[in-house]
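Model the full structure from these sequences, guided by the hints.
Here the protein sequences line up with chains A and B, keeping their order.
Taking numbering that gives the first Met the number 0, the leading residue of the first sequence gets 0, the next gets one more, and so forth.
Taking numbering that gives the first Met the number 0, the leading residue of the second sequence gets 0, the next gets one more, and so forth.
For the record, the hints were derived by calculation from the structure and aren't laboratory data.
There could be a bad hint or two in this list.
When chains are identical, the list treats them as one kind, so a pair holds in a single copy or across two.
Said to hold, decoys possible - Calculated pairs, SDA-like style, for lysine to any residue (alpha carbon to alpha carbon, straight line, at most 25 Å):
no., residue 1, residue 2
1, K138, V104
2, K138, D175
3, K138, L174
4, K138, G176
5, K138, P211
6, K138, D216
7, K138, F335
8, K138, A213
9, K138, V212
There are 2 protein chains.
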Amino acid sequence: MTDEALVLGLDVGGTATRALAATLDGTRRGSGRAAGGNPTGLGPRRAAAALAEAVGQALAGLDPAAVRHVVVGLAGGAALPGGEDLPGGEEFARVWEQAGVRCPVEYGSDTLIAFVAGTDELEGSLLLSGTGACAIAVKDRALAARSDGHGWLLGDRGSGFWLGRQAVLAAMAELDGEGPQTALTALVIESLLPGADADRRAATPLKATPRPVAARDLVTTVMAQPPLSLARLAPLVCAACAAADPVAESIVESAAAHLVTTLSAVREPRSMTPIVLAGSVLTHPTPVAARVRAVLRERWPEVAVSLGLDGAAAAVWLALDRLLPPPDGALRERLFFSDPPPTEEVWDPT
Amino acid sequence: MTDEALVLGLDVGGTATRALAATLDGTRRGSGRAAGGNPTGLGPRRAAAALAEAVGQALAGLDPAAVRHVVVGLAGGAALPGGEDLPGGEEFARVWEQAGVRCPVEYGSDTLIAFVAGTDELEGSLLLSGTGACAIAVKDRALAARSDGHGWLLGDRGSGFWLGRQAVLAAMAELDGEGPQTALTALVIESLLPGADADRRAATPLKATPRPVAARDLVTTVMAQPPLSLARLAPLVCAACAAADPVAESIVESAAAHLVTTLSAVREPRSMTPIVLAGSVLTHPTPVAARVRAVLRERWPEVAVSLGLDGAAAAVWLALDRLLPPPDGALRERLFFSDPPPTEEVWDPT
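So this is what it looks like as structure tokens:
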């Protein structure tokens, strides 16, 4: 354990909490990963437990009293500079106390952090499509405007949830005789009712033929799970699209159109500021990402488009930006690229 | 207490359970009303408790051992003649035991019962729009085909839920600057954020002006409630439509088109069999009902269109149909029209 000064950055999402500790020159010292920690979605106690676990891992073998500044990015964190009004604010304060972290803790929007993960410019736009979808405009490295991000029930058009729901609707339409044949039907049945196909193969002239899968069976399975589980089916649209299925291609086309509309709502048509893409649907090589990029190239041909991947590193960078001297390009390079950025092995939009 | 023979009919919905006891000539002897009793939605224990309460009221002062046949209409009851595979089947069996009812109990589909409530024909179609929406084809007074009824997340197009969600989306679109002005915006804000308007009136030059309501505020309120609560906003679409609001008119038009599509999927274009309309959106004088009726008159000009209102009486009628002599027209008249049919004082699509 040394007494070198540290900063701590956290990227708190609905399904994973990531923490990163670094020295003032941007050298990574420790990292942590825990379950989701969004207090709005998961409740303050589970959120605080995830936060504590990720912080504990990141500071293992380090002196918590040496931490000079903490930045935490989380959904809805934008309007909460001190975290006082945060759902779970008290529980979070206890985490810092018990971890021995005594410096200021700043709560920021996860979308702003995703923007900073993609660029060191002060101004630009972020387009995010993961489980949900939204766009923000950034000015002076602060949130200036926002569009969509209205959640799965009323918005998030073009998100992983939206794609997964469209996949099920396409399969239901075919099964109900209301829509065209599509490769999605078999993929959705295989994913939602993994036994159904085996049952059918096992049917012999001696056994009763099981009745074919109906739209109703898909509904029953989907309704038995939390709605957001539909986001897990988003990769099926990409798979069917790769096989040139016209229904899947048209879903991808609509998703991309929705996302570009969401971005355009917060971006001047002639803006030259950078665009950052974030969220698993846009940071993985999906057909939605390819289509969005093609439209962006057409509409803003001269604009830099980058990926916002490492939210914890971006939170560290924002923490360093609060201290002196301000971080420079070399530091950013060291911080973001000394380790490979975190990506999931399997594309999972949740 | 006399020893005259009785039958018992139940209409078990998500928000109300109605029971009716009658003599074999169709004279009403007792009725009961309790909370929702759908075992799929509410769990077997709450469902059984509601059933027990409604049955207890209907049989108060009557001899339960005199009941010759029971018919229970409930969602998903179609494939469950004995109720054995019913979620809550065991709990339901205990209700009959404790009530002292020892005759056969038959579980039928709530939609079939709604059809029988509207006509004594053996064949025809039912179009229902309440909280949810579906259509069925009836042959030999049994369920022959079904369309939609796929629930709020994946279907129920043109239902109360669907109307309520469209109202909120229209308000959000105006607030986000993405959609036209509509009378729905003020109605939705008043309904979801009853304090917001008062706050604004209370703002004086001496107090800080409160920030205007944003789409986000509507999202937060909606997401804090169960999704089906959106059905409570359906009357707002009707109110705005009555005031000739073009956005509301277009929502009503789409709802009616969806419902007619749902009906057409289970009905031959040249069928002369009757059409029964059920569910609060279609049995109340709403603009959706008016529009649907207009389309039906155009498409099936010679066909009788009636309302399926009294599900408990229809269940009694089906129970009598299992006994001898079969019920005749005079009995039906007595059973359905000796008391006013049950209607809600305030239109509430839930």
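K138 and F335: within-copy, between-copy, both or neither at 25 Å Cα:
within (22 Å within a copy, 68 Å between copies)
K138 and D216: within-copy, between-copy, both or neither at 25 Å Cα
For K138 and D216, only the inter-copy Cα distance (23 Å) is at most 25 Å; the intra-copy one is 49 Å.
inquiry  = Within, between, both or neither: how does the pair K138, D175 come out at a Cα-Cα threshold of 25 Å?
reply    = between (49 Å within a copy, 20 Å between copies)
*asked:* Please sort K138 with V104 into within, between, both or neither, judging by C-alpha distance up to 25 Å.
replied: Cα proximity of K138 and V104: one copy only (22 Å, versus 69 Å across).
- prompt: Quick one: K138 to P211, C-alpha cut-off 25 Å, is that within a copy, between copies, both, or neither?
  reply: For K138 and P211, the Cα distance is within 25 Å only across copies (22 Å; inside one copy 55 Å).
Check: When no copy is named, should K138 and L174 be tagged within, between, both, or neither for a Cα gap of at most 25 Å?
Finding: between (49 Å within a copy, 22 Å between copies)
* To do: Tell me, please, which holds for K138 and G176 at an alpha-carbon limit of 25 Å: within, between, both or neither?
  => For K138 and G176, only the inter-copy Cα distance (21 Å) is at most 25 Å; the intra-copy one is 50 Å.
message: I want to check one pair: K138 and A213. Are their C-alpha atoms no more than 25 Å apart within a copy, between two copies, both, or neither?
response: This pair counts as between: shortest inter-copy Cα distance 21 Å, intra-copy 51 Å.
Check K138 against V212 for me: Cα-Cα at most 25 Å, and say if that holds within a copy, between copies, both or neither.
-> Close across copies (23 Å), not inside one copy (52 Å); limit 25 Å.
When each numbered hint is compared with the structure, no violation occurs for any of them.
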